[in-house]
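Those protein sequences? They're chains B and Z, same order as listed.
Residues 1 to 456 in the working numbering are what the first sequence lists, from first letter to last.
Residues 1 to 456 in the working numbering are what the second sequence lists, from first letter to last.
Simulated from the structure, these hints should not be mistaken for laboratory data.
Hints may be right or wrong, so weigh each one.
Identical chains blur together in the list; that is why a pair holds if it fits in one copy or across any two.
[Unchecked claim] Derived DMTMM-like pairs (lysine to aspartate or glutamate); straight-line CA-CA distance at most 20 Å:
(1) K35 x E259
(2) K135 x E164
(3) K167 x D43
(4) K358 x E263
(5) K358 x E290
(6) K35 x D249
(7) K354 x D279
(8) K203 x D279
(9) K347 x D236
(10) K347 x D37
(11) K203 x D95
(12) K35 x E51
(13) K203 x D412
There are 2 protein chains.
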Amino acid sequence: MPDLKTFIDENRGNFVESLKELLRIPSVSTDSRHKEDVKTAADWVAARFKELNFETKVIPTKGHPIVYAESPPVPGKPVALVYGHYDVQPPEPLDLWVTPPFEPTERDGNLVARGATDDKGQMLTHVFGATAWMKSVGELPIQVKFLIEGEEEIGSANLAPFIEENKELLANDVVVISDSSQFAPGQPAITYGLKGIAYFELKLVGPNRDLHSGSFGGSVRNPANALCAMLNTLIDEHGWIHIPGFYDDVKPMSGDERENFAELPFNEEKFKEQLGIDDVHGEEGYTTLERRWARPTLDINGLTSGYQGEGAKTVLPSEASAKFSCRLVPDQCPHKIGKALREHLEKICPTGIKMEFKEHHGSPGFVVATDSPYIKAASDAIEQGFGAAPVLIREGGSIPIVANFAQQLGSDVLLLGWGLDDDNTHSPNEKFNLADFQRGIAASAQLWAELAKIDM
Amino acid sequence: MPDLKTFIDENRGNFVESLKELLRIPSVSTDSRHKEDVKTAADWVAARFKELNFETKVIPTKGHPIVYAESPPVPGKPVALVYGHYDVQPPEPLDLWVTPPFEPTERDGNLVARGATDDKGQMLTHVFGATAWMKSVGELPIQVKFLIEGEEEIGSANLAPFIEENKELLANDVVVISDSSQFAPGQPAITYGLKGIAYFELKLVGPNRDLHSGSFGGSVRNPANALCAMLNTLIDEHGWIHIPGFYDDVKPMSGDERENFAELPFNEEKFKEQLGIDDVHGEEGYTTLERRWARPTLDINGLTSGYQGEGAKTVLPSEASAKFSCRLVPDQCPHKIGKALREHLEKICPTGIKMEFKEHHGSPGFVVATDSPYIKAASDAIEQGFGAAPVLIREGGSIPIVANFAQQLGSDVLLLGWGLDDDNTHSPNEKFNLADFQRGIAASAQLWAELAKIDM
């Protein structure tokens, strides 16, 4: 479609400026101080759809609003639902950002800002893919529905019930999500599996106030010492996790899948070099890609206790707490694991300590069939948009809501990641390659054409 | 001496106002932002001595200044050297203070402020005890030298060489220090033993940036997981410390001493109740007082890693660090223990992690003879000042410099604590009982008279 291609090429600058506008809104969903900013981001996204005369709604929830929009129905053709999110992770630690997280800056062909790749930039490729059709052709070849939420980074607690209550509105054949990575620069990928997650917080309270470690040391249980001891029971040197029953429901990897992973051009030396580490580490008996994509993990995400300032303070802290999370694979259940973990921690919590255990968001892992017509359509679209055929991969990240689409709407799912592994997702200096942004828009526009070839 | 007593009674209000002045100066020695405040506190203390026409100097060091002053010599009588410090611990966590840490506030007969008891209030009892003699009698019955430093809370690094280089100036028979506690309210004590300290900081660095725990979990060693595992090797559930050779030089407690401790009216139930804990915890085979006063300990003083804000952040942190310290007893050597600890940590530091180990201040433990004429003099002075005879105790806290006085000046040492165990030393809402402040001044004034009875 020449008009389409021309429009996308000619509007490159407009697409980037528009993305920068959205990135300037600090829509940090986990931080209540940013509630208004999150609402502003929702309205900004809704405005893009209204410009295309799509049926558009900003739907309030108990938390942050959901943006929904749809193009006109096209009988006999598949219906696609684009899912994305306009909320972002907190930018901390701020001092490690080269330029401020909410002042998008172009550097070395990348746009640097919190949310650049996760997920504002990737999500907008589909908005602009649809924009290209509407502005150059005047219509879309299939009906595309857009469901853009503001709580992905905190577990999509309000989107799950919304899907349950709006099955007709959201009815679709295939869900399209761009919130993951290519396999490597120049090597696009289709992701057919995601990990789930179970996120926890453990707070230990010892004495009712911070104490002088000299006057009281040796007579009072130190919650920081106790925290290290308790956390240390959860995972061992072999990378094996000791939450009771943790591996019971883990679906083993097939020999074919392990072969496919082994055939991918993964350079472990380059991987270590990029991360500045002298060795990889993880569950014994599996390769690095297998651990990252298809095996469950446990990582401490944060530790805090006592004095953390300059110099030395001889305090016996009153409290110590940790945030930690497990990445899950099919068919592990986050709530079953949370329950087993709570029981384990309560059993080993020592005298002299009061324990507070909190389950944050959780979601199961997910894998889709790799032989569907949708995978074929996406593969062809990506080959045209990126100039290279995609490989099939899995991802260690979690998109909590994906399981709901499959279970409640019976949708197939296409995970088309335009990002790169070194995009600093969830880290300082998050970036998105602007050439990939443009290629993603072209691939998205082409995807609607490829899906239109499928007769229902 | 009626004049002396009258002067002390009549000036009660002036003493309190004067203490408040000093407490308003935030002389936090560990925090470089407070360098000027520390200097201001030194000058304030020097001014008190100049008012008494004592030979007074404010001596600059590589760190914070030392204040030295002395009253005229009295031949044939002992020379006493009062040691104290005008620096204080950091006030954090600020949100737990009922009133601001550097706005001294009277509450329930106490003065509440950072430094109230440790050591500004206790140190000033000796300044005002001397003031009482100078203003009412016109002279002191013995020569009293004052050595008031500004680096006690950070290990007195510059005072040790100063003592070494000024043995003649500082020459004395007995060092008097009030920087500890009474045994209980209404039960004053003389402290004949102190613990030493060895303070450490361990920083573990994994990947060169914070990573997405989904995309990288299972392939990269997590420094927070590693920190818990490494710290957990240092002390076990029995309260036994596993730094190689840690107990080699520990002088066992004598049967007599254990009997004396057992006879003290220590109420463990009340102790637990005051701290809000359901059980005490420490080294197996020893009582709570024995652990607090005469057995070595290991406590984590601070932990920091990853995301510590509100809600959940799925980060695999680049760094994790801990501040921790051992309290030592005679004859453990902090540097020997630091060396053994470093070797142990280097041995167990896992692949994928770079370790940075730092030794902060260290000092040995200390015990003095309990049958000296100085203990007798102090006991009589305290009985008159407090209206109750003191008991002999040890303390878990450390006054790093005490060992130097004994070793380099051959001084005997009197540790006369006017504080209480629940003074919140090093904690929010630090306090000093104003009646004890007044009793301490009376006891100090009387001490010079009692020491004058000793002919040299």
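Structure-based check of all given hints:
In this homomeric assembly, K35 and E259 never come within 20 Å of each other (Cα to Cα): the closest approach is 46 Å inside a single copy and 63 Å across copies. In the homo-oligomer, the alpha carbons of K135 and E164 never lie at most 20 Å apart, since the shortest distance is 34 Å inside one protomer and 85 Å across protomers. In the homo-oligomer, the alpha carbons of K167 and D43 never lie at most 20 Å apart, since the shortest distance is 24 Å inside one protomer and 76 Å across protomers. In this assembly of identical chains, K358 and E263 lie within 20 Å of each other by CA distance neither inside one copy nor across copies; the values are 41 Å within and 45 Å between.
Taking the closest pair of Cα atoms, K358 and E290 never come within 20 Å of each other, the shortest separation being 30 Å inside a single copy and 38 Å across copies. In this assembly of identical chains, the alpha carbons of K35 and D249 never lie at most 20 Å apart, being 38 Å within a copy and 59 Å across copies at closest. Within a single copy, K354 and D279 get their C-alpha atoms only as close as 38 Å, which misses the 20 Å cut-off; across copies the closest is 11 Å, which meets it. For the identical chains of this complex, K203 and D279 are inter-copy neighbours only, at 18 Å across copies versus 32 Å inside a copy, given an alpha-carbon limit of 20 Å.
With identical chains, the CA atoms of K347 and D236 are at most 20 Å apart both within one copy (19 Å) and between copies (17 Å). Neither within a single protomer nor between protomers do K347 and D37 lie at most 20 Å apart by alpha-carbon distance, with minima of 43 Å and 49 Å respectively. In this homomeric assembly, K203 and D95 come within 20 Å of each other (Cα to Cα) only across copies, at 18 Å, whereas the closest approach inside a single copy is 27 Å. Within a single copy, K35 and E51 get their C-alpha atoms no closer than 25 Å, and across copies no closer than 60 Å, so neither meets the 20 Å cut-off.
Taking the closest pair of Cα atoms, K203 and D412 never come within 20 Å of each other, the shortest separation being 40 Å inside a single copy and 46 Å across copies.
Hints 1, 2, 3, 4, 5, 6, 10, 12, 13 from the earlier list are contradicted by this structure; the remaining hints agree with it.
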